[in-house]
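Take the two lone chains, each set in its own frame, and fit them into one complex as the hints suggest.
Chains A and B are the protein sequences, given in the same order. Just so you know, we're using our numbering here: the first sequence kicks off at 8 and counts up by one. Just so you know, we're using our numbering here: the second sequence kicks off at 8 and counts up by one.
By construction, these hints were calculated from the structure, which means they are not laboratory data. Do not take every clue at face value.
Claimed, not checked - With a straight-line cut-off of 25 Å between C-alpha atoms, the simulated DSS-like cross-links for lysine-lysine are:
hint, chain 1, residue 1, chain 2, residue 2
1, B, Lys112, A, Lys140
2, B, Lys112, A, Lys264
3, B, Lys126, A, Lys264
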Amino acid sequence: MAAQLERISEYRYQIPKSGAMRVPGLVFASKRMVRDIRADKATDQVANVAHLPGILRASIAMPDIHWGYGFPIGGVAAFDADEGVLSPGGVGYDINCGVRLLRSDMSRPDVVGDLEEVSLAMHRAIPSGVGSKSHRRLSKRELERVLVQGAAWAVREGYGETADLAVIEEGGCMPNARPETVSERAKERGMPQLGSLGSGNHFCELGYVAEIYDERAAEAFGLRADQITIMIHSGSRGLGYQVCDESLRVMLRASAKYNIQLPDRQLCAAPLTSPEAADYFGAMGCAINFAFANRQMMTHFVREAMTEQFGDDARLELVYDVCHNIAKWERHTVDGELRRVCVHRKGATRAFGPGHPDVPEVYRDVGQPVMVPGDMGRYSYVLAGTRRAMDETFGSSCHGAGRRLSRRKASELARGRPIFQELRQQGIFVRSDSKRTVAEEIPEAYKDVADVIEVMHESGIARKVAKLVPLAVIKG
Amino acid sequence: MSGFRQIDHTADLALQLWAPSEAELLRVGARAIVSTLTGGAEVRADATRSVSVDALDGEDRLVQWLNEIIYAAVTTGFVTASADIELGATSLTATLHGEADASAKIETELKSVTYHELKLEHTGDGWCAQIVIDV
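Excised from the complex, chain B in its bound form (with noise of 0.2 Å):
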């Protein structure tokens, strides 16, 4: 089951996100950010984008992952739908499927995924992850 939730939090906004896999995990985490930024409009999947990340660690992945769904869409318009996901140690190569020139579809600010409070566990049921972003 994957799937994700906004939970309250004094700071800005927070996100819980669980999936079975870590690359299930980040995409859910991608269809957050979207959902979030477009106030869960629907987006088509009628274009690619290619992105890498090469970060610290696994937390720190996460973060730049998500960071990179909101570069493309806040820069060139880009709404993310789906993404194929390939992980390396602390490494990840991906193809967003999505939307271009979507800019009018979001409705929401979104600065940056902090690493505020940040959370990745792999846990005996699969991968659950907690997110604050800066509104």
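Just chain A, with the same shape it has in the complex (with noise of 0.2 Å):
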């Protein structure tokens, strides 16, 4: 069954509703990228997610949606507080797995004579790579203390200030989080990781700010042309993958017991008014609170870094972090009615636009920072949230470039390449204790982020602020 695709405007279409779909599925993306999406068969998953018993309005996919496990990534769905359901495969293995932006004072000259030892200094600063590890031993006391105190508990324990809570989503501390709904093989898994990078596409990046698209928004954001930033990319490690893996086995079990019709297991799914799904909520939280103190923690490890290698210059502001995979209780107004849902984003952001009282007061008048990585050779890009989302996205955005090819596939194109070398001949030091992870992370594993990013900005969803270059970056 392929998903039928049909244009309603130049960035918008829609998967009409047939079948047993509740509501019909609404795709932002170009004509170009149609093409893409169609062959990836993410659409069929778009559609599938609209299914689900107590979806509103519509099953959303933004434009970096690309294949994924049950929901596809790049999705968005929110449920009614009564009739709805909670679907960890709506959130992800990596749950908070999420991005966060520091600026500095420093200008792309001042450091662009040092990128080798500045990039070997981050390297020895943030634990990165396969299995790697925290600097911390900590005792299952302590750990229960992180999961429900999150970036709090890290400010405390002296890793960053208490003004970096401010601009963290959620203050960098997902309330009702439950250690005791989290099991011990999740803790055990969690517990030597908290303060290190992992693999994969998380990154360590230092850039500079190489264009400004909106001099009010960037001035609210702290940003200003040719200013470095330090982007980190990670999220809950091996605590939230042991959390998301459990709760689909009880999910499953849920899924049967109330009777909800699975177009695909992965969408396994409890009602929001059932233990299941305050069980999932209670470890869910404890795996975000546990990627926000994993930020908070490499963004000391970071800051440590540049004050050693440029003095006081170089500290280091955070402008905002944000989550891509998460499930939580919002108020969106629905049907003309303001609503408690519960909205699932699975790679993609919160964009809450201006006057939202969650937005942080420093930014309220012109949205909340969105960052959207793209790839390591390329840019990424800082957006502002807009009412225009909260219409028609529960207020989401895009949350990265989207791969464009399967890890194999980049592996094999990559062999044989001097890839380091490649990169450092654009001006960009990449160091990583694998090769093989930076193989299957070049640049051309990834769609290009300036083509969703142009989506988002053209159909009024997300603004776009900045652009940001990379200069040094560590890969995991």
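Dropping the structure here:
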């Protein structure tokens, strides 16, 4: 069954309701991207999500959409509090994989002669790579504090400043996290990994602001041309993966128990009002907090590395930290009524518009900052959320470039090529313990994020604010 | 005949497994996971570890079993070389033979075996399966 895509406007495509779909699908894409999207069969997944009970308005897909486990990556789905469901597949294995952006007082000329050293310093400072481990040995009790307090725990332990918390989604601490709902296994898997980058598409990247598109928003975000920035992209490490895997089994049983028809096993779910959903919320909250603490610790490590290298001029301020894989309660207007709904974002970013009370006061006039990483060879973007996003996508936007090539194909393409040298020739210093990871992460493996951003900007969902270009990249 | 191979997939990593019996298929799956984790490194069999799985059905059992292999490797560094498996209706108990403290041999991070496009089939010739792993 190939889901039909019908163009409704320049950047909006609909998958009409058919069969057991409860709502249509809504895909944000350009004409050019639709070819790739169709070939990828991600539209079938968008249509599958529309089968779930209590889904509101539409099964939404961002332009960086690609095939995922059950829910497509780049998917957004919101559910009614009474009729709807909670689905771990709508969050993903890497719960609260997300990205944060730091800005500095330095400019490109201040660092460009020292990139070799700076990249080495960053690589040394941040535990990265397969099985990357924490500097800390945590007791079980300490870990439970991390799971409940998130970034706030990290700040109290000396990793960063209280001021950081104001510019993290959810204040860096998801409420109602319940460590008793997280298995011993998940805790065992996560404990040694707190404060480490991990592998795959995680990274820490030093770059500079190459272009400003919206002066007012850039000023509010503290961004200016040529400014040195740092991005950290990472998630909840083994704790999150374990929580997701274990919750799928619970939800498979729950789907049978509550008679939820599943077009795909990985969409298994439980009613939002059920104890199974309450337990998953409790466990997911812990994983979310683990990831917030994780990114907060790595921020501290990179701050130290930079001040060691450049002195106090290298002070890094946190611009914002966003989640890509999450499900949470939010208030949105549906059919003219403000309602409490459960929004799932999998490979999608919250993008609340100007005036929203959850946007930090310092940004409230312009909208929430949204960071959209591209790939390590080209560029990334900073956007601002809009009121249009609130109306159409439950306040959501894209999260990244989206993969174009499988890891296998990317490795094949990279074989025999001096990837590190190729990037060095472009002025980008890449450090990684794994040549294999870097091969799988070559820029060609990704879609052009500029295309993804164009769709968000032109459709009015998120406004372009700035473009960032990489100078030094640490890959796991 | 039993064996495994990587197949191309838009998702992260997909493997095809085949074997004459279901128990052998599970053993092949474990070897495939370990081969992926270690890049095909030699693994000694001088330590043991017990595993038991209680599953919803045969497919779920396959996923849980393979995730046990991953879990043992990433948490304790126990890398499985072979396994003695006893199958129940939807459960299994097994003794893993492998190398303890072999974290240094792990070069790829695997998040989890998923239920995505999961296939487990009993054909005329034996058993075959397809699994997709989130990397």
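Right, here's what the structure says about each hint:
1. Proximity of B:Lys112 to A:Lys140 is assessed by CA-CA distance (about 15 Å); at most 25 Å being required, the pair is judged to hold.
2. At roughly 43 Å between alpha-carbon atoms, B:Lys112 and A:Lys264 are farther apart than 25 Å, so this suggested pair is violated.
3. This hinted pair checks out: B:Lys126 and A:Lys264 have alpha carbons roughly 23 Å apart, not beyond 25 Å.
In the structure shown, a violation is registered for the earlier hint numbered 2 alone.
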